[in-house]
Amino acid sequence: MVVAAIAFQEIESLNFEGLHNLFCELFQNLKFDASSELHIILLDTFDSSIWLDRVLGRFYSISRDVLLAKNLHTMSITILFGEYAKDNLRLDYLFIPAKELVQEFDALNYDIFNQPRRERELNLFPEKRNDCDEYAVSALGGTFDHIHDGHKILLSIASFITSTRIIVGVTHQDLLLKKKYKEYLESFEKRCGSVRQFLNLLKPSLKVEIVPIKDVCGPTGTVPEIECLVVSRETVAGGDFVNKTRVEKGLPKLDICVVNVLGGDEEDGWKEKLSSTEIRKMLMHGI
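This note's numbering applies: residue 1 is where the sequence shown begins, and numbers increase by one.
Read the hints as simulated data drawn from the structure, not as lab findings. Just so you know, not all the hints are guaranteed correct.
[Unchecked claim] Below are the EDC-like pairs computed for lysine to aspartate or glutamate, each with C-alpha atoms no more than 16 Å apart in a straight line:
1. 244 to 255
2. 207 to 83
3. 179 to 83
The structure presented is a predicted model; accordingly, all values stated were derived computationally and were not measured.
Working from the sequences, and respecting the hints, build out all of it.
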């Protein structure tokens with residue numbers, strides 16, 4: 001098992017076109033296997049969930065492509081930023097763009113790389129808005145089976161816009177009886193544990209509440225303190241249903257934060273590079 005990290009800074013001047021080749025070069029001598037971990041650490045301060053969402057999508061997508069080419073379909077990738085639990089990271093290898101950053105990490109080995117840059121910074125996302133810690137309490141829900149890159153983006157954006165308390169609804173086993181390859185579903189406890197572990201690493205200051213989802217709305221239909229519901233673009237209709245239900249119960253409507261789905265676009269049905277269903281299918285075939 002190898003635990004490696006790559007740190008990036010000044011993301012707005014980063015040439016994303018050069019990331020694939022950079023990752024291939026940095027990974028070529030590392031003996032990654034399915035149990036290894038890759039952490040991508042973004043040293044910039046972010047103030048917009050729209051900008052962060054797109055940056056996360058690019059980093060997860062490009063790094064996953066490189067690992068897929070090595071048949072490392074389920075190797076963990078985690079992108080960290082902001083006030084993540086740095087003291088919990090013990091690294092075998094660290095790649096950094098500047099030597100003075102070494103002292104900030106606990107790593108057995110380190111190397112310095114040249115970060116690919118654009119000739120000039122471009123304002124690629126003029127619609128950015130400042131929404132870091134905008135909501136005291138937010139909520140999101142999902143199955144979170146075999147937690148993967150898409151789940152991590154959703155949880156990352158939810159944690160970014162939340163200052164105090166995040167409520168995560170995790171689908172109860174009783175609602176998953178019709179899932180494909182259901183015999184390879186993780187237990188409810190395992191799925192909850194993966195969500196909590198990720199959020200505790202990403203933003204340890206948050207109070208994390210995990211509750212079972214046994215109906216369409218889950219906790220968003222009953223908890224008055226929730227201010228925002230975080231959804232993926234493919235499930236945005238569910239947010240409308242939740243607000244309709246809350247109004248009927250005399251609860252305030254929620255703001256809806258829509259997160260892009262990884263590796264797809266609206267025309268192709270927002271297909272993810274590696275869904276929970278695909279992971280269960282691979283497990284069934286022993287891949």
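Please write out, lowest number first, the hints stated earlier that are contradicted by the structure.
Failing hint: just 3.
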